[in-house]
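Participant: Keeping their order, the protein sequence lines are chains A and B. Heads up: take any position in the first sequence, counting from 1, add 301, and you land on the numbering used here. Heads up: take any position in the second sequence, counting from 1, add 2, and you land on the numbering used here.
Hints are computed from structural coordinates only; laboratory data are not their basis. Please note: incorrect hints may appear among the correct ones.
Computed far set for chain B versus chain A, every beta-carbon distance over 10 Å [what the hints assert, rightly or not]:
#	residue
1	Phe71
2	Ala72
3	Arg110
4	Ile111
5	Ile137
6	Leu162
Pair ranges (Cβ atoms, derived) [to be verified]:
#	chain 1	residue 1	chain 2	residue 2	range
7	B	Phe36	A	Ser641	40 to 48 Å
8	A	Ala307	B	Trp30	52 to 60 Å
9	A	Leu496	B	Thr65	53 to 61 Å
10	B	Phe36	A	Ser792	32 to 40 Å
11	B	Ile60	A	Ala545	43 to 51 Å
Heads up, the beta-carbon is just placed ideally off N, CA and C, and yes, glycines get one too.
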Amino acid sequence: MIQWHALVSGFTLLFQDPMNWILAFPGLLIGLFFGSVPGLSVIMALAIFLPVTFYMHFLPAIIFMMGMYIGSLFGSSIPAVLINIPGMAGSVATTFDGYPMTRKGQHNEALGLALTASVLGSLTGFALLLLAVKPLGLLGLHLGPPEMFMVILWGTTLIGTLRGRNTLRGLAAGFLGLLVATIGTSAMGVQRGTLGIPQLLDGVPVFAAMIGLFAAAELFNLIGKRYVQADSEKRRVSMRGILAGSVQSFKYWPTILRGGVIGAIIGAIPGVGAAVACLVSYGEAKRADRHPETFGTGNPKGVAASESANSSSEGGAMATMFALGLPGGGATAVMLGAFSLHGLTGGPTFISQHINWVYMVVFGALGQIVLLWFVGLVYTYFAARAVTLPTHVLVPSITLMALLGSYALTSSFLGPIVMTLFAVLGWWMKTYDYPVAGAVVGLILGKLAEGNLLRSYQLGGGNLTILFTRPISLALFLFIVGSTVWSMLRSRRAAGRRDSKPHDRTGANAE
Amino acid sequence: MTINEVRARRRPWGHLLFVLLMLAFTVWYFFSAFNASRAASNLIMILPVSAILAVLEIALLATEIRRMFAGGPESRRADEDTKSAKAGERSKWLYATSMGVFILLIPRIGVEASAFLFMIGTMRLLGSKSWIFTIVYSLIFALVLSYLFVSVMNLTLPSLLFGQM
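Given the sequences, and given the hints that come with them, work out the whole structure.
Facilitator: Below, the structure is given as structure tokens:
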């Protein structure tokens, strides 16, 4: 497992010159900024600032880039909590309970909770990376398309739990999202629903569509209101509240630990990433809770589950990157490119010869995660002031940033057009009581699900029984079925108890 | 009862139309994919998802039609929707339209001017009272954002000041 000599060597390398750490602060701040503006992403930040690192020594360059990477993980939860728009897809589940907390006037606590859950989740992910870089990285090799499909199916079951008050409408929203996600060229090169528009060959840009749906769900809802939170007392920004939220997060350590482990494992699967991790963790937290009905109404555990998983998933992704030389997603792809420019590549040979470098990066990350807590507190304190802005300033500013951000994501007008169209769709959905979150989950997971289902089909020689004949895949399937049935039975029992309570009272009164 | 529920009940036709549009999209998309290729590899996900979605949409249609014919006090009560809700709806339409206009204007007048006009229009629409504040804030915000996206991030957006038209 751990090679102690290499560990000490990595640690010594990292702290041989404390000046190397100066760049951690700008790195974290840039990451926080790019993560917290809807439409901007850590990939853009890394791409923009990569040339700057050409003039740096190896170590400060790595610390600077890791700072951006780590800062962005938490940054994306800030708009998710404050305005119901996730900065990146990985924070989508943070909106489910983070924003309801803001509407209750608990935005300070929600942000503090998100920050500490994110820090603890990241620590879990990177600690697992430190302890088991090889096994965690090699996990990716043992998980083929059938297992990946099952993991995605696990995330998809969240559609059922996000159904809102009307099951039919909730399921319709989720399945609509799944269907829209398949638009574009299939893995076999067949064009579906592209209407001859070349930009749609790659499919509907998911992030632009997601911002549109969420923007409509909330920004449009703010039209006609003066502030996000009407009560001036409740929209006050207080460091004490943020700290209280941070302390509160320790109460939810089982949720955070579970989220951290789920995130690290899912993050280690190439191409799955933070969005699936946060959705699965959120779904499991809801299923495991004694009061699942409180999720979606501002339950702090929902924020803790989502934030711990999305942050720890990056530790898992780094494990795959180092162990196999494979990037787990877009951000790790840019990181791998950037690292390789400085001579730090991945793969089994690299890991056996330079494990001390891996330990150095992991120690660097752990140090920056602790720094993130302090930098994040200050950043959050100022970012939370967004709720004190009147809507006639907040809503147009966020919309403009998101429109330009969606252009940046697609490098064409398709992004802003899709965002606007999905804003109208989301507004209709909201008007007729369809849960927008369900559609977003479908959109995020649809393409991944189709790709892995198709690969499983091909791997099985034109047969899908392969999904149930491989041990890990079958175990995952049984787990999904078991946990879904268990949660359904439990909520039915809880509903039964709720129904019987007034009856009992009536009985008591009669007596 | 929430404002959305009131609105949804006030206009059952609106929901009916929404479900019909979803159903039309589902059917069209399925046949678009089916005509492109009938291979199992193409329809492996689209067929089951669109079939389930179509069933859900038909069930929603049936529920809505049944509710329309049932009528009753709920639908009558819903007619008492307030004028403010209608005004809010108009503002939302105008807001969505202004997003579309902003996109259309960028290639013609550049991102800075389009962003400036978008900010002024939407800030006034959302109730900004002071013209001076609206103009100054819109100008600064549009310029800073355009600079960030065009010059710092090197986006190929039509720009009057920071790039090329």
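Participant: All the hints need checking, so say for each whether the structure fits it.
Facilitator: Status of each hint after checking the structure:
1. Every C-beta of chain A lies more than 10 Å from that of Phe71/B, the closest at about 18 Å, which supports listing it as non-interface.
2. Against the 10 Å criterion, Ala72/B stays outside the reach of chain A, whose nearest CB is about 17 Å from its own CB.
3. Distance check on Arg110/B: its Cβ is at least 12 Å (rounded) from any Cβ of chain A, clearing the 10 Å threshold; non-interface status holds.
4. Against chain A, the non-interface label of Ile111/B holds: every CB pair exceeds 10 Å, the least being about 15 Å.
5. Listed as outside the interface, Ile137/B is consistent with that label: its C-beta sits roughly 13 Å from the nearest C-beta of chain A, beyond the 10 Å cut-off.
6. The Cβ of Leu162/B lies farther than 10 Å from every Cβ of chain A, with a closest approach of about 15 Å, so its non-interface assignment holds.
7. Between Phe36/B and Ser641/A the C-beta distance comes to about 44 Å, which sits within the given range of 40 to 48 Å.
8. For Ala307/A and Trp30/B, the Cβ-Cβ distance of about 59 Å falls inside the hinted range of 52 to 60 Å, so the restraint holds.
9. A hinted range of 53 to 61 Å is violated for the C-beta pair Leu496/A and Thr65/B, which are about 31 Å apart.
10. For the hinted restraint 32 to 40 Å between Phe36/B and Ser792/A, the CB-CB distance of approximately 38 Å keeps it satisfied.
11. Between Ile60/B and Ala545/A the C-beta distance comes to about 50 Å, which sits within the given range of 43 to 51 Å.
Of the numbered hints stated above, the single one contradicted by the structure is hint 9.
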